[in-house]
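S.K.: If you want the building blocks of each chain, they are given just below.
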Amino acid sequence: MSTFDTVIRLVYLAAAALFVVGLHLMNSPVTARRGNLLSAAGMTAAIVATLAVLVEGGAVNPTAWLVVIAGTAVGAVAGLVAARRVRMTAMPELVSLFNAAGGGAAALVAVHDFLHAAESPGAHVSIPLALDVLIGAVTFSGSLIASGKLHGVVPGQPIVFPGARVITLLLAAVMAVTTVLIAIDTGGLAALIVLSVAALAFGVTMVLPIGGADMPVVISLLNAFTGTAVAMAGFVIGNTVLITAGALVGASGAILTKLMADAMNRSIGNIMLGGFGTGDSAAVAAGAGGGQVRSVSADDAAIQLAYASKVVIVPGYGLAAAQAQHQVQELASLLEARGVEVSYAIHPVAGRMPGHMNVLLAEANVPYSQLKEMEEINPEFPQVDVALVIGANDVTNPAARRPGTAISGMPILDVDKAKSVIVVKRSMGHGYAGIDNELYTAPKTGMYFADAKKALSEMTAAVKLLVG
Amino acid sequence: MSSEFVTDLTIFVLSLLVGFEVISKVPTTLHTPLMSAANSIHGIVLAGTLLIAATASDLVGYVIAFVACVFAAMNVVGGYVVTDRMLEMFKPPAARAAAVKGASDGSAEVTR
Numbered sequence: 001m002s003t004f005d006t007v008i009r010l011v012y013l014a015a016a017a018l019f020v021v022g023l024h025l026m027n028s029p030v031t032a033r034r035g036n037l038l039s040a041a042g043m044t045a046a047i048v049a050t051l052a053v054l055v056e057g058g059a060v061n062p063t064a065w066l067v068v069i070a071g072t073a074v075g076a077v078a079g080l081v082a083a084r085r086v087r088m089t090a091m092p093e094l095v096s097l098f099n100a101a102g103g104g105a106a107a108l109v110a111v112h113d114f115l116h117a118a119e120s121p122g123a124h125v126s127i128p129l130a131l132d133v134l135i136g137a138v139t140f141s142g143s144l145i146a147s148g149k150l151h152g153v154v155p156g157q158p159i160v161f162p163g164a165r166v167i168t169l170l171l172a173a174v175m176a177v178t179t180v181l182i183a184i185d186t187g188g189l190a191a192l193i194v195l196s197v198a199a200l201a202f203g204v205t206m207v208l209p210i211g212g213a214d215m216p217v218v219i220s221l222l223n224a225f226t227g228t229a230v231a232m233a234g235f236v237i238g239n240t241v242l243i244t245a246g247a248l249v250g251a252s253g254a255i256l257t258k259l260m261a262d263a264m265n266r267s268i269g270n271i272m273l274g275g276f277g278t279g280d281s282a283a284v285a286a287g288a289g290g291g292q293v294r295s296v297s298a299d300d301a302a303i304q305l306a307y308a309s310k311v312v313i314v315p316g317y318g319l320a321a322a323q324a325q326h327q328v329q330e331l332a333s334l335l336e337a338r339g340v341e342v343s344y345a346i347h348p349v350a351g352r353m354p355g356h357m358n359v360l361l362a363e364a365n366v367p368y369s370q371l372k373e374m375e376e377i378n379p380e381f382p383q384v385d386v387a388l389v390i391g392a393n394d395v396t397n398p399a400a401r402r403p404g405t406a407i408s409g410m411p412i413l414d415v416d417k418a419k420s421v422i423v424v425k426r427s428m429g430h431g432y433a434g435i436d437n438e439l440y441t442a443p444k445t446g447m448y449f450a451d452a453k454k455a456l457s458e459m460t461a462a463v464k465l466l467v468g
Numbered sequence: 001m002s003s004e005f006v007t008d009l010t011i012f013v014l015s016l017l018v019g020f021e022v023i024s025k026v027p028t029t030l031h032t033p034l035m036s037a038a039n040s041i042h043g044i045v046l047a048g049t050l051l052i053a054a055t056a057s058d059l060v061g062y063v064i065a066f067v068a069c070v071f072a073a074m075n076v077v078g079g080y081v082v083t084d085r086m087l088e089m090f091k092p093p094a095a096r097a098a099a100v101k102g103a104s105d106g107s108a109e110v111t112r
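One line per chain: the protein sequences are P and B, in this order.
First residue of the first sequence: 1, per our numbering; consecutive thereafter.
First residue of the second sequence: 1, per our numbering; consecutive thereafter.
Heads up, some of the hints might be wrong.
Pairs of lysine-lysine, DSS-like flavour, derived with a Cα cap of 27 Å [stated by the list, open to error]:
#, chain 1, residue 1, chain 2, residue 2
1, P, Lys310, P, Lys454
2, P, Lys453, P, Lys464
3, P, Lys258, B, Lys25
4, B, Lys25, P, Lys417
5, P, Lys310, P, Lys258
6, P, Lys454, P, Lys372
Since the hints were derived computationally from the structure, they do not count as laboratory data.
Kindly produce the complete structure, drawing on both the sequences and the hints.
M.R.: Here you go:
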């Protein structure tokens, strides 16, 4: 090994170590940002080292350099602009989009290698090559659909059409056959094309039947897939840093996916096989359909809130979608100034993704100490005067405590145990589970039908007027 | 089976095991940023796309390499920037750290 090679290898090793340390520092909010910067430093080193390899090799023709520079510049600028401009509420779908890009790039590495391999490469290349194309293509189309579902381009509801399962199974069979053909180095270009098309289609049919509420878990899973695809690409081109970083992401992504699914009390298999609402349609109709709904005005709500001693705010998807995090913070600090004890009950999957609500509220300068996790806040609800539910639905539905409903067994916030409840919601529409929320028809619940941002501004104005 | 492949396989398996262990006890709060951070790390595929782009010599190769470089660069640059933006939110503004009851939490975060 020449000195140059040794240096490159050592830089790759350092980069891999920085990735590991960086990820480890992400375990705590205190060190997380430093962790990300370390990881970015490792990435920069690895990329610079790779460019050095290209220069040192000297065999790169001018057109190829143009392709490298132009492609990287276009991608970098697009990524930078998107990441800078994106609203906090839209971050999950952007991550999914970046994930699609990574999966696509990994698959293209294998495709390129396949087209340019001079002679038969041997099983130690052809097997990872087939897997790279397979996983990368599934991730690419699957992540695009997941992103589209969160963005509203693709309907969030589970999409099931007649024969969908059969098509998915057929695609899986086609993928299995072509993967084996490529792995044993027969079938040639035709097999590669069929595999790519089948895998792209499979990514679509895999994610379409899954409801929008489960997208976080799906995106995390696809993220782990991309990591694995990148590791496979590393085998194909014989690059250790790709193998290390890819395997690292594959494994940690798998663990993270499991943690997310656990927080929703669901199994990954259950989610992937089509979740809420697709099962028993009779259960949907059998909710508390006959209950009376009581609606409240901004003034009623203001009186309740202003004269309460303990208020718990339950933010949900509706708050994230309406981007009302600043309005809720304004109302909360107004109440606090009156001596009302205010805290926030954060369900593990509130918002669009686990932890997403914390990010949104932190952006609006809500102090950390006021954010209470589910286990911490649930015993306190009987002492709570007013629970203010903002755009949260299924995570507050008491039906989850009974067996036989679509959300049975899902951990919920015990909002129904508070002395009174105000629910801000645009309509009586269903959550992702597609069932009625018994909380909304409970006698102590007042419904405030409005967009979260508008409702909170009106309530804040009413409280100000009331207390002068 | 070449010795290089066995070395690669060793690295792969050990990296998997490290990945399983490295984030075992992460709080729910950090799930989204962590996923985003992992997402940016697989942007390392940019190194791979650079290497294949360098070997491209015909139109199909150039097109594939160009698209791959665009994708990978987007993944890596966007990934790190968006993760940093998420994590930035967790840093309490100095004003709030100095203020009232958040002071104990805030200062602890700053000094640690």
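S.K.: Okay, which hints does this one fail, numbers in order?
M.R.: Numbers 4 and 5 - these are the hints that the structure violates, sorted from lowest upward.
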